[in-house]
Amino acid sequence: MTQKRSNRTQTFAQAFAELQKITEQFERDDFDLDRALEEYERGLRLAKQLKDRLKTLENTVEHMKKKISAEE
Amino acid sequence: MTHVGIGEGMRTKGTIALIGVFVNGSPASPGCAICQMNGALVYTETTMPTNSSRVYSVSELITGLRELFHQAIGTITVQGEITGYRTPKSNLVYFEVKDDSSCMLCFALAHEIGIQLEDGLEVQVVGYPSFFQKRGSFHFRVVEIRPVGQGAIQKALDALKVKLESEGLFRSERKRALPKFPERVGLITSPDAAAYTDVLRVLQNRWGSIDIKFFPVAVQGIGAARQIVKAFDQANSFQLDVVILTRGGGSLEDLQAFNDEAVARAVFASSAPVVCGVGHERDWTTADLVADKRAATPSNAAELVTPDRIEVAASIEAIIETMEAELLHRTAMAKVEVDDLLRELVGALENRTVNVRRLLERVDRYAPELDRRIFAAKQQLESSVHGIDRAATQLIGEAERRLNERFRLLRSFSPQATLDRGYSITRLSKNGPLIKSIKQLRPGRVVTTTLADGSFDSTVTRPRP
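Chains as they are written, first to last, in the working numbering: chain A, 1319 to 1390; chain B, 751 to 1215.
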């Protein structure tokens, strides 16, 4: 399970955290304008990815086997 | 002829006086007189035409009585105090229910009773009067028991809460934060309950692509607590982001499993944070108290574990807008800096040229007689002056060209163009958030407005939506 997880592409939470980090950089006084442009573009890309993911509607439900009642 | 009487002391909603007539081994409906009266059940005697020569078997009589009582009285509720509680076989429960003057044998099957009984407990028993087929004795067949008031169950629950609290199971410091964007959610509830569909529906409405592991359990009755504990054991083997333990509302007996000590400890030991939601309950169960987060209803539990996709989309937009505003601010500042630098550069170059010209003029004035002698040198000097001029012009031109390029670049993404057209940007403070709604403003608030060529502060007097 752990392995499957780490192999996955960036999770929503990770991408969202990255976007927030970019915004924080913008709020720093010593942020270089050239980098600001790059980061702005990266931010736009992340935002688009996140919004695309928001369109994924379906949840999956996996029924775990109910061994319990058999043992009763 | 048979007559059946029921003594005073049985209170029902609409009270019934019953006269059973027994004909040919079975209740004779047409001859059965049932009269409704207000008040207590009354003893009545009826004389019926019966076959007095007919000999009944005992079992005929008992079977008939059972059917007669069940049909005539149906299911009723009787209140009294439990005494003589006993379980001679593991699944058979006997006890008496008594009041000040009467006592009645009660019989039930253990799995039908969701609570732990003990003598002295004031209860309402739901069931119907009946007779044991073998011994023919009267009893009350119990199908459900409800404790009354602050009974023993409540007392036991209070004691459990004190115990768990003293062990630190309810401490707020140990409550874990819920993940902001869960990907794997464990759901422990009954598949038959509305809670199950409520949770799935809300999860679906608010968020997508969740991997839901559903652990079906009974949420009340015998064995429910054990099933919930096992479900947590199972859930711990998955890397879940959060676990929802939920059920609809119910009486204190219904909620027994959620007030179970083993369940409380399983919630405490869960490897993922637990949200517990019991429908519409004012009182907290022990599972609620131990859980990392308590939800008011099953739907609320689902809301607590998921962000709302619409809100998240809005916050992504807000982040982008903040970035754009910062970028605008930074490009405006950069423009000012570049302007200043260029002015300095141009000024310095102009000074140089002037100085060289003055020097030349002096040479022209004071040394005409040396013209010929220094003709060659002068020519050389002149040519280098032209060179400097050209170089200066070139440098200025180059600088201007670069500046223009930079402007074009900046303008390509900068809202400066918009500002140039006369629009302005107003913020809550110098580098603060943009004001997009009148709701952000209060009288007396100082705001900063940026125009194309500068900015000013102003004070809000009367915001008008």
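In short, the hints are calculated from the structure, not lab data.
Certain hints may be false.
As the list claims (entries may be wrong) - Taking lysine-lysine and the DSBU-like style, the derived pairs with C-alpha atoms no more than 30 Å apart in a straight line are:
| hint | chain 1 | residue 1 | chain 2 | residue 2 |
| --- | --- | --- | --- | --- |
| 1 | B | Lys911 | B | Lys925 |
| 2 | A | Lys1369 | B | Lys980 |
| 3 | A | Lys1373 | B | Lys911 |
| 4 | B | Lys913 | B | Lys925 |
| 5 | B | Lys905 | B | Lys848 |
| 6 | B | Lys930 | B | Lys1128 |
| 7 | A | Lys1366 | B | Lys848 |
| 8 | B | Lys848 | A | Lys1383 |
| 9 | B | Lys930 | B | Lys848 |
| 10 | A | Lys1339 | B | Lys1180 |
| 11 | B | Lys963 | A | Lys1369 |
| 12 | A | Lys1373 | B | Lys1186 |
| 13 | A | Lys1383 | B | Lys930 |
| 14 | A | Lys1366 | B | Lys905 |
| 15 | A | Lys1366 | B | Lys1186 |
| 16 | A | Lys1366 | B | Lys925 |
| 17 | A | Lys1369 | B | Lys1128 |
| 18 | A | Lys1339 | B | Lys1043 |
| 19 | A | Lys1339 | B | Lys925 |
| 20 | A | Lys1383 | B | Lys1189 |
| 21 | B | Lys905 | B | Lys925 |
| 22 | B | Lys963 | A | Lys1373 |
| 23 | B | Lys1186 | B | Lys1128 |
| 24 | A | Lys1369 | B | Lys1043 |
| 25 | A | Lys1383 | B | Lys963 |
| 26 | B | Lys930 | A | Lys1339 |
| 27 | A | Lys1339 | B | Lys1186 |
| 28 | A | Lys1369 | B | Lys839 |
| 29 | B | Lys913 | B | Lys1043 |
| 30 | B | Lys930 | A | Lys1373 |
| 31 | B | Lys1085 | A | Lys1339 |
| 32 | B | Lys848 | B | Lys884 |
| 33 | B | Lys1189 | A | Lys1339 |
Stated by the list, open to error - With the Cβ distance kept under 10 Å, some of the chain B side facing chain A (calculated, not the full set):
| hint | residue |
| --- | --- |
| 34 | Ala927 |
| 35 | Pro929 |
| 36 | Leu950 |
| 37 | Arg1080 |
| 38 | Leu1131 |
| 39 | Ser1134 |
| 40 | Ile1138 |
These figures come from a predicted structure and were not determined experimentally.
Note that beta-carbon positions come from the ideal geometry of N, C-alpha and C, so glycine has one too.
Verification of the supplied hints:
no.: 1; hint: B:Lys911 to B:Lys925; result: holds (17 Å)
no.: 2; hint: A:Lys1369 to B:Lys980; result: violated (39 Å)
no.: 3; hint: A:Lys1373 to B:Lys911; result: violated (44 Å)
no.: 4; hint: B:Lys913 to B:Lys925; result: holds (18 Å)
no.: 5; hint: B:Lys905 to B:Lys848; result: holds (21 Å)
no.: 6; hint: B:Lys930 to B:Lys1128; result: violated (80 Å)
no.: 7; hint: A:Lys1366 to B:Lys848; result: violated (72 Å)
no.: 8; hint: B:Lys848 to A:Lys1383; result: violated (45 Å)
no.: 9; hint: B:Lys930 to B:Lys848; result: violated (56 Å)
no.: 10; hint: A:Lys1339 to B:Lys1180; result: holds (21 Å)
no.: 11; hint: B:Lys963 to A:Lys1369; result: holds (25 Å)
no.: 12; hint: A:Lys1373 to B:Lys1186; result: holds (27 Å)
no.: 13; hint: A:Lys1383 to B:Lys930; result: holds (28 Å)
no.: 14; hint: A:Lys1366 to B:Lys905; result: violated (57 Å)
no.: 15; hint: A:Lys1366 to B:Lys1186; result: holds (23 Å)
no.: 16; hint: A:Lys1366 to B:Lys925; result: violated (34 Å)
no.: 17; hint: A:Lys1369 to B:Lys1128; result: violated (73 Å)
no.: 18; hint: A:Lys1339 to B:Lys1043; result: holds (28 Å)
no.: 19; hint: A:Lys1339 to B:Lys925; result: holds (27 Å)
no.: 20; hint: A:Lys1383 to B:Lys1189; result: violated (53 Å)
no.: 21; hint: B:Lys905 to B:Lys925; result: holds (27 Å)
no.: 22; hint: B:Lys963 to A:Lys1373; result: holds (22 Å)
no.: 23; hint: B:Lys1186 to B:Lys1128; result: violated (69 Å)
no.: 24; hint: A:Lys1369 to B:Lys1043; result: holds (28 Å)
no.: 25; hint: A:Lys1383 to B:Lys963; result: holds (10 Å)
no.: 26; hint: B:Lys930 to A:Lys1339; result: holds (16 Å)
no.: 27; hint: A:Lys1339 to B:Lys1186; result: holds (23 Å)
no.: 28; hint: A:Lys1369 to B:Lys839; result: violated (63 Å)
no.: 29; hint: B:Lys913 to B:Lys1043; result: holds (20 Å)
no.: 30; hint: B:Lys930 to A:Lys1373; result: holds (18 Å)
no.: 31; hint: B:Lys1085 to A:Lys1339; result: holds (26 Å)
no.: 32; hint: B:Lys848 to B:Lys884; result: holds (24 Å)
no.: 33; hint: B:Lys1189 to A:Lys1339; result: holds (28 Å)
no.: 34; hint: Ala927; result: violated (13 Å)
no.: 35; hint: Pro929; result: holds (7 Å)
no.: 36; hint: Leu950; result: holds (7 Å)
no.: 37; hint: Arg1080; result: holds (5 Å)
no.: 38; hint: Leu1131; result: violated (43 Å)
no.: 39; hint: Ser1134; result: violated (38 Å)
no.: 40; hint: Ile1138; result: violated (33 Å)
In the structure shown, a violation is registered for the earlier hints numbered 2, 3, 6, 7, 8, 9, 14, 16, 17, 20, 23, 28, 34, 38, 39, 40, in ascending order.
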